[in-house]
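J.: As you go down the protein sequences, you meet chains A and B in turn. Okay, so the first sequence: first residue is 1 according to my numbering, each after it adds one. Okay, so the second sequence: first residue is 1 according to my numbering, each after it adds one.
Calculated from the structure, these hints are not laboratory results. Treat the hints with care, as some may be off.
Unchecked claim - Below 35 angstroms or equal to it, Euclidean Cα-Cα: the simulated DSBU-like pairs (lysine-lysine) are:
1. B/K4 / A/K33
2. A/K281 / A/K258
3. A/K119 / B/K262
4. A/K33 / B/K38
5. A/K177 / A/K33
6. A/K119 / A/K281
7. B/K231 / A/K281
8. A/K119 / A/K258
9. A/K119 / B/K178
To be verified - Pair ranges (Cβ atoms, derived):
10. A/L112 / B/V108: 36 to 46 angstroms
11. A/L112 / B/G39: 22 to 32 angstroms
12. A/P241 / B/A15: 51 to 61 angstroms
13. B/K182 / A/A156: 49 to 59 angstroms
14. B/G31 / A/L59: 58 to 68 angstroms
15. B/N161 / A/G162: 40 to 50 angstroms
16. B/P297 / A/I78: 48 to 58 angstroms
17. A/R88 / B/A221: 26 to 36 angstroms
18. A/I151 / B/L299: 45 to 55 angstroms
19. A/A156 / B/N161: 42 to 52 angstroms
20. A/S262 / B/I119: 21 to 31 angstroms
21. B/N161 / A/F4: 50 to 60 angstroms
22. A/R88 / B/A15: 57 to 67 angstroms
Note that the coordinates shown come from a computational prediction; the quantities given were computed from them, not determined experimentally. The beta carbon of each residue, even a glycine, is placed where N, CA and C say it ideally should be.
The lines below spell out each chain.
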Amino acid sequence: MVSFLRFLINGISLGSVYAVIALGYTMVYGIAKMLNFAHGDVIMVGAYISYCAMQYMGLPPIVSVLAAMVVCTALGVIIEGLAYRPLRQAASLSVLITAIGVSYFLQNVALLIWGSNPKNFNSVFSVGAIRLFGGELVITSETMLTIAANIVIMIALTLFTGRTKMGKAMRAVSEDKGAAELMGINVNRTISMTFAIGSALAAIAGVLLCSAYPTLQPTTGSMPGIKAFTAAVFGGIGSIPGAMIGGLLLGVIEILGKAYISTELGDALVFAMLIIVLLFKPAGLMGKPMREKV
Amino acid sequence: MKMKKKTLSNLITYAIVILAFVLCQWLIASGRMTRSLKGQMVPICVYVVMAVSLNLVVGISGELSLGHAGFMSVGAFAGVIASAWMAGAFAMENELLRLLLAMVVGGVVAGVAGVLIGIPVLRLRGDYLAIVTLAFGEIIRNVLNCLYFSLEGSRLHVSFNNPNLPGTILVNGPNGAKDVAKIATFPVGFALILFTLFVVLNLINSRSGRAIMASRDNRIAAEAMGINVTKYKMMAFVTSAVLAGMAGALYGLNFSTITAAKFKFDTSILVLVFVVLGGIGNIRGSIIAAALLTVLPELLRAFNDYRMLIYAIVLILVMLATNNPTIRGLFTRLVPQKHSGTEIVEAKGGAEE
Numbered sequence: 001m002v003s004f005l006r007f008l009i010n011g012i013s014l015g016s017v018y019a020v021i022a023l024g025y026t027m028v029y030g031i032a033k034m035l036n037f038a039h040g041d042v043i044m045v046g047a048y049i050s051y052c053a054m055q056y057m058g059l060p061p062i063v064s065v066l067a068a069m070v071v072c073t074a075l076g077v078i079i080e081g082l083a084y085r086p087l088r089q090a091a092s093l094s095v096l097i098t099a100i101g102v103s104y105f106l107q108n109v110a111l112l113i114w115g116s117n118p119k120n121f122n123s124v125f126s127v128g129a130i131r132l133f134g135g136e137l138v139i140t141s142e143t144m145l146t147i148a149a150n151i152v153i154m155i156a157l158t159l160f161t162g163r164t165k166m167g168k169a170m171r172a173v174s175e176d177k178g179a180a181e182l183m184g185i186n187v188n189r190t191i192s193m194t195f196a197i198g199s200a201l202a203a204i205a206g207v208l209l210c211s212a213y214p215t216l217q218p219t220t221g222s223m224p225g226i227k228a229f230t231a232a233v234f235g236g237i238g239s240i241p242g243a244m245i246g247g248l249l250l251g252v253i254e255i256l257g258k259a260y261i262s263t264e265l266g267d268a269l270v271f272a273m274l275i276i277v278l279l280f281k282p283a284g285l286m287g288k289p290m291r292e293k294v
Numbered sequence: 001m002k003m004k005k006k007t008l009s010n011l012i013t014y015a016i017v018i019l020a021f022v023l024c025q026w027l028i029a030s031g032r033m034t035r036s037l038k039g040q041m042v043p044i045c046v047y048v049v050m051a052v053s054l055n056l057v058v059g060i061s062g063e064l065s066l067g068h069a070g071f072m073s074v075g076a077f078a079g080v081i082a083s084a085w086m087a088g089a090f091a092m093e094n095e096l097l098r099l100l101l102a103m104v105v106g107g108v109v110a111g112v113a114g115v116l117i118g119i120p121v122l123r124l125r126g127d128y129l130a131i132v133t134l135a136f137g138e139i140i141r142n143v144l145n146c147l148y149f150s151l152e153g154s155r156l157h158v159s160f161n162n163p164n165l166p167g168t169i170l171v172n173g174p175n176g177a178k179d180v181a182k183i184a185t186f187p188v189g190f191a192l193i194l195f196t197l198f199v200v201l202n203l204i205n206s207r208s209g210r211a212i213m214a215s216r217d218n219r220i221a222a223e224a225m226g227i228n229v230t231k232y233k234m235m236a237f238v239t240s241a242v243l244a245g246m247a248g249a250l251y252g253l254n255f256s257t258i259t260a261a262k263f264k265f266d267t268s269i270l271v272l273v274f275v276v277l278g279g280i281g282n283i284r285g286s287i288i289a290a291a292l293l294t295v296l297p298e299l300l301r302a303f304n305d306y307r308m309l310i311y312a313i314v315l316i317l318v319m320l321a322t323n324n325p326t327i328r329g330l331f332t333r334l335v336p337q338k339h340s341g342t343e344i345v346e347a348k349g350g351a352e353e
């Protein structure tokens, strides 16, 4: 029972990281209608920046996280402006291939700068752990912070998209780009803003991910990226609460599957769940059903 | 006798492949080809077949598949096991026959996988379909990591997650197959390309091919015309899986070790890049792009550390250039309008909006 609780908490913690990454995917997809495969690599860059800020410049953890956010935000906006904006009218496959190109680019630049040897990421947070059931169940500070960060981000994003002018503009652009432009919304700026927010979230996700799993190398971001993308689709891509629920469920399924069924098949279970959900709800758990028009 | 335009275009494609083969054979025979490039010959054939077969799904049938390497891995393992079994159980010495039979087995097994995966996948649309093919590719890789095969005399043993099998181990879970008899040859690879072209080009220019393309261009209109969209999409998907499986068997029998990790998501993406750079729906483009891009990292070896970086930059720049209206306009003025793949790309881009 205690071990089940432990796995469950680990799952929620991993799921929270997936959820933060998935939020970035889902916002970009909702607005730019593109699969940003480079998102996972922005996570990796964020983690490296934070690592360098702490290791080489001796900055306090919280400043290093902020530095990572600033760099990733700039990176996201630059990538969007240089690589994706010229392809706004292009076929979606061209955009996908460009995103893959950007992903390779980031990985290889990281490889040149930081080398292929994995870096040992020191946890950013050291608050102390909670011990329950006479010390049998340990909840680490990373776990608590990850879950807390997830909840804060979720509330902030919901308020942002619901209440602010920019948030409303984002929803309008995701609904209908042309009509939004006619209403005086600057579509390009809105999309840039989405990339900025998504990339800042990616930086946070990178730090959280590497605090829990402390090996950092240029390919660190790709598998969590793919899984978070799966989580976004699982919850209904384009939907913010969907990304949240998808991420959490995926994390829990992965950890429980690895613990109770088979270590080798943990990832396969995650993907199998995705397929089953999509067969019964083709637009994901919280996605709006697509209607076909002639 | 006046030939149809399409027949002529297909003949040119065959001619390019045959000429390239003759040229390579001459280079090898006269000793002008470097060792490393010679080693690339079979992989080039494999990737050409992979690209052409993926183009059948992505370009002709219009469904984005991100799990093509999954079929390749199924074919590779089936082929390697079949080859070892034939050698062990029937003492089959003829390597060519064994290779051909192994490719058939690889194709059939991958085809079965294609049917099983196609049934759920083809019910979905667009990006959801893409993510599910990605998911299946990852599931295949994970499951292959748990499979163990061994040969005891003429009996084949299989187990799941249990490495203790009697006899000699053929496939050892995550460690894959070791000491594979390297029986793949360049001429067989060339023959496989011709076979693939024959199948794909004839399919495209048949009644079924027109039905497949009609379903791509407008699903609802095609359904209204009485076309069974699912059936034709399935036909393209399974044909593509069979060809990928055959290519996989050839690939598996070209190396002494083969592991499931070789067929990651990256491999699927690599093949997709060939298809997109060669022109979606353009079979000849796929062949050229696959051959050039497989050799490119080899040619860039002088840049060593920077070669993948250069590859990434080339990829982004080509995408930006081909979609830039100014460059496109310049290009169409230089090259008079022809009936080729670019039209399909444009038609597809329009249909997707």
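J.: When you take the CB atoms of A/S262 and B/I119, is the distance between them in 21 to 31 angstroms?
T.: About 25 angstroms separates the Cβ atoms of A/S262 and B/I119, which means 21 to 31 angstroms holds.
J.: Taking the Cβ atom of B/P297 and the Cβ atom of A/I78, is their distance within the range 48 to 58 angstroms?
T.: 27 angstroms Cβ-Cβ, so the 48 to 58 angstroms window is violated.
J.: Could you grab the alpha-carbon distance between A/K119 and B/K262 and see if it respects the 35 angstroms cut-off?
T.: With a Cα-Cα distance of about 25 angstroms, the restraint between A/K119 and B/K262 holds, given a limit of 35 angstroms.
J.: Take the C-beta atom of B/N161 and the C-beta atom of A/G162, compute their distance, and say whether it sits inside 40 to 50 angstroms.
T.: 48 angstroms, holds
J.: With the threshold set at 35 angstroms, check whether the alpha-carbon distance from A/K281 to A/K258 stays at or below it.
T.: Distance ~25 angstroms between A/K281 and A/K258 Cα, so the pair holds.
J.: Is 51 to 61 angstroms respected by the C-beta to C-beta distance linking A/P241 and B/A15?
T.: 57 angstroms, holds
J.: Should the hint that A/L112 and B/V108 are 36 to 46 angstroms apart at their CB atoms be regarded as holding?
T.: 45 angstroms, holds
J.: Holds or violated: A/K33 and B/K38, Cα atoms, limit 35 angstroms.
T.: Violated - the C-alpha atoms of B/K38 and A/K33 are around 43 angstroms apart, more than 35 angstroms.
J.: Does the structure keep A/K177 and A/K33 at a Cα separation of 35 angstroms or less?
T.: 10 angstroms, holds
J.: Starting from the hint 58 to 68 angstroms, judge whether the C-beta atoms of B/G31 and A/L59 obey it.
T.: 60 angstroms, holds
J.: Hey, B/K231 versus A/K281, does the alpha-carbon distance stay inside 35 angstroms?
T.: Roughly 22 angstroms separates the two Cα atoms, so the pair holds.
J.: Please verify whether A/K119 and A/K281 have alpha carbons no more than 35 angstroms apart.
T.: Given pair A/K119, A/K281 is violated - Cα atoms ~41 angstroms apart, limit 35 angstroms.
Checked against the numbered hints above, the structure breaks hints 1, 4, 6, 16, 21, 22 and satisfies the rest.
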